[in-house]
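Participant: Protein chains in written order, with this note's numbering: chain G, 1 to 168; chain F, 169 to 932; chain X, 933 to 1190.
Note that these hints are calculated values from the structure, not bench results. Here the structure is a predicted model, which means the values were calculated and not measured. Where is the CB? At the ideal position from N, CA and C, for every residue including glycine. One should not assume that every hint holds.
Only part of the chain G face toward chain X is listed, based on derived beta-carbon distances under 8 Å [claimed, not checked]:
(1) N123
(2) L124
(3) M150
(4) Q154
(5) E161
Chain residues, written in single-letter form:
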Amino acid sequence: MRLPLLALLAKEPAHGYELKSLLEQTFGQAYPSPNIGQIYVTLQRLERDGLVKSQDVIQTTRPNKRVYELTPAGREALAAWIEEPSEGPRVRDDFFVKLALSPLAGVTDQMALINRQRRHYLNLMRGLSKLASATDRDSRISLLLIEGAMLHLQADLDWLERCQEELM
Amino acid sequence: MRAALRWIRSDLRARPFQVAVEMLVVGGVLTALLLSVTVLEGATNPWAGLFAQSRGAQIWMRLAPGTKVSGLRQIGGVTAIAGPYSTTAATIVQGPLQSAVELRAMTPAMPQIGRLLVRQGSWLAPSAPGGVVLEASFAQAIHCRVGSELVINGIDGPTAKVRVIGIAATSDQGFYPDQTPGLAWVQLPLLRRIEPIARHTEEVVGIRIANSADTSFVAQQAVAELTGAVRSVSTWTQVEQSMARGDPLLGLLLALFGLVALGGAVLVIASATGGRVLVQLEELATLKTLGFTPGQITAMVVAEHAGVGLAGASLGVVATRYLTVPLLHGIPASIVPAVVPLPATWIVLMACSAEFLVVLAAAFPGWRAGRVSAVVAVRRPLPAGHLSQLARVVMLSRFPPAIVLGARAAFIRRLPAALTIGGLAMSMAVITIGLGVASTVDDVQRHPANIGLAAALTVSPGELSQAQAGAIVSGDRQVLSAYPSVQVNALLATGTTTITTLGLGTSARPYPFHVAQGSLYHAPGQAVASQGLLDLLHLKVGELVPMQINGVPVIFRIVGRIVEPEYSGQVLAYGLDTLSQAGVVSPPVYYSLVLRPGVTVSAARRHLLAVSGGRLDVTEVNDPASQLGIIRPMLAGLIAVLALVGLVSVLTASSVGIRDQLRDVGALRAIGLTPRQVMVSMVSSTTALAVIAIATGATAGFMVSTRLINLGAQVYGIGSGIGRPPSAPAMAAAILIAAAGATLTAILPARRVVATPVATMLGP
Amino acid sequence: MIARAVPQPAPSADEMLLKIVGLSKVYKGGGPPVHAVRGVSLSLEPGQFVAVMGPSGSGKSSLLHMLGGLEPPTTGQIWFDGARVDGLSQARWAMLRRRNIGFVFQFFNLVSNMTVADNVELPALMSGATRRQAKERRIELLAELGLSDKASASPARLSGGEQQRVALARALANRPSLLLADEPTGNLDSLNSADVLRVLCRVHGQGQTIILVTHDARAASMADRVVNLFDGMIIDDMDVVTPIRPSVAAAGVLRLGE
Ligand SMILES: Nc1ncnc2c1ncn2[C@@H]1O[C@H](COP(=O)(O)OP(=O)(O)O)[C@@H](O)[C@H]1O
Ligand SMILES: [Mg+2]
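Using the sequences plus the hints, can you model the full thing?
Facilitator: Structure below.
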């Protein structure tokens, strides 16, 4: 969460609530946004590391708010993050371990295992489809996110099919 | 129904060129057939056509001048009366030549019944009171054209100089010189000038009756009605018989060409339909998935091609209607006395038969189309490429890869490949045979002696003695040799058969027959016979044949077979000395004259007439070779039809091939074949088929051509031995043109493919 | 489109639109016989949307072809609308397809020589509609699929997605009781696929019964029910349910950041 916050601050200084709503706007419903407490904790850590600095802004009608802005070190850290290639997808596939180890655990019906998993994936896929159709066409980032999820699911299902072909 | 129509419409629109060619083939074949039948009918049985066209009369009567004919109308069955017309006998004088003629007075207004069919020039006109219209066969015989000046002598002396203003055909009387005198129409004042004495004229009246079968009955009644006034009666049966003639050679050729053209048309439709079905398998299958039943698909495919066939047939009918007269106009009246458009019922009948054949030809591919599995629409297996032996040879030899690829592709689908080769090879074979016929005709025309027509003229002594005549003809500069000749009938020993025999020349100096087998007669008692006679009597060369000539028994040994187109090919010929030795009283002798090379027949004739002061009877030998001239335009027509057949075959092949190759070609281009190489590949796939077909067809045609012509000649009694192989230059030209044509035809669709972007071809 | 009654829950056997019993297909001829479908039984209620999934070669297409009468089954029964149809002649099948079964294929299979309009009007004309009726129906369908401006175009000029939508319009032209689709998105990119799927969803919403053979899980997830084939047999037959909180799903699949 550190680096997305740095990225949001790169454009202009902002306070905690502004950052939260910016995050929600960008990723939409598809991604559950962090709560405000998490955001503040992260901001404090960033300040401690010298990547952002803060300043209290006095407001007459409301309580003072704390506005954060990027330091030169913060800018450098952001640039470095953006430029470095991201690690590949990290599939933490619990199911595969289950499937691989199920004979040891005395499970004889691997097909049932696969079917159950496929049902789960298909239901998930249906959820994503519903989500996609409920999402505003203009929120492109959000739609891309859903699409990414669908493609991953499709890959999971294809993998499942391969497992089925090889193991059955 | 509507859906099928919609589909047919869009399919026709998608391939206008193919449709046009298909239509042309059907139309062309039908036109060729109709014209052939017209010629045949005109040549062999012209009366019916002439009669129908001229609204002729079935009965003609000659009456005493001034007879009242109004009573004829009251006879039952009579529908109309032609005439009466005044008529008189006269003589047409052309230099030394005199021809008897009957002048008939008519008016510029053409009558409703017994019309004259004006072939050239115009009918009698008030503006040309001195004009005469000649009957066509008469005009032909006396060498008159429109514009010729003639002198007509009346029986009693008066003479008139007249001008031929028209030539017309009639169903009133048979052809000259089978029926004499010749017929000429003039206006009454001219007739009066030539025959001022009314009493010397006769009246001619024609009776048209509703039912030709009642002719003799009505004729009897008419005679009874006009008791005493009737000088003579003639009926249509006599006219028909005198006009009818069998012309075996022409009939044979027409039949042959007609059959070939029909076969070609059937093949074209079958191959075009088959190819189209093949190209459309997937779409037909798709239609099935939409709910077309197999029967509907068959019906749709057949209906589409039947529709094209029908359009083609209509085209053929229209073309025939408009082409008959101009196309057949040039045919000499000696071959086809009356070019009369066929009756509508015949045309409709033949068009229907053509259409029936189209349906028949489309039926099998249509049936196959109906059986296409709907699943091919979804699963699309490419046929496995069987590599034929030939394609393998092509591949092994070091041809450029593009050509090898194309040649290989040609054989992927075997049935269409076979159909294409078949269609093209058949066309080529028949074209080759046609060229053989052409060179045979050439040969016959250049060397008439080869078919026994050494003599161009026959001369009867006429008003001279035989010795005088002999002296004149053998002394003439233009005559190479003169053979004394007789023609007598002989009764075979069996007593039931009479044959024509010819005494021609002598054993020492036999007539130069073209001997196809054995030798000429060189001793008394030897004879040569033509094939027809041998067939008739079941004889072979070398056998003896006893017969009676003028009551005297004679035995001939047949020493040779000659080629003889006359006398229906049934003739026996021997030296005149045989007759005198056997003690046969010689019938009147005439002379058969062989002319010096370069001398024209008509010049020689004129010269002989001039020398003899018109007293010799000089006749031109009826030369079947001149009739053969008609074969050339027919051959041209046939070759055109066959070229269309070939064209359709090639088009079908290339469209099927392209369908198969399209994906391959895309891939090949993607891996770097240049457009030109792709083009070469596609074209060579069609050319490979074409080359095989042309080679096969030409070889087969060449091998059978001479034999086939001889066989035909033998069947018709002329006798084997006139056939000639096609000339080398003509063959070479035909082969080159065919190959070039096939390649060019293949280039057209290939260019379209090459112009398609690669990406499109690789798509689904 | 058709406003058909929403199906009652748990209909009796008579109310099944399609019922197949022990259906199998063996391909013979050249090489060993291929058992493409082995004893498949299935019932389909009117209005249901069933997806058939399975690895390639598992017999999905063979099954669909038998259901549409494009190929006869080797053994087994097919009941359509309460009548047994597996023994029908080709012609009878054709008439059944004409009125009751619409087909959509992976390769669109439009008649290339006909315009889009003609392609869509074809089924209506075939089942005896007048030219005018066919035209009205075509205009309605093309408008619904957003293809009104392509009516006079030749299919070759359309994109894959457009072609497939035309094929859909053609399949739906006679308001069939059953729509059979064999990998209709198999040849399309994701945007065009989405278009086609949207149309399928919409007609399903209007009561159209659909059997969709697909490899695409997204397409399958739109169905009410997914049947899984493996080696010619049904190995799973599930009803698809929407998760209670779909928004969790994305996060469950795709985790952003560390
Ligand atoms: N006409 C045919 N002849 C022989 N085998 C076939 C034929 N059609 C399909 N098959 C075989 O049947 C099996 C099932 O094919 P198919 O139904 O197309 O599967 P899917 O659509 O699931 O990929 C495959 O092994 C295929 O090779
Ligand atoms: Mg399939």
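Participant: All hints are to be evaluated individually against the structure, with a verdict given for each.
Facilitator: Going through the hints against the structure:
{"no.": "1", "hint": "N123", "in the structure": "holds (6 Å)"}
{"no.": "2", "hint": "L124", "in the structure": "holds (5 Å)"}
{"no.": "3", "hint": "M150", "in the structure": "holds (6 Å)"}
{"no.": "4", "hint": "Q154", "in the structure": "holds (5 Å)"}
{"no.": "5", "hint": "E161", "in the structure": "holds (5 Å)"}
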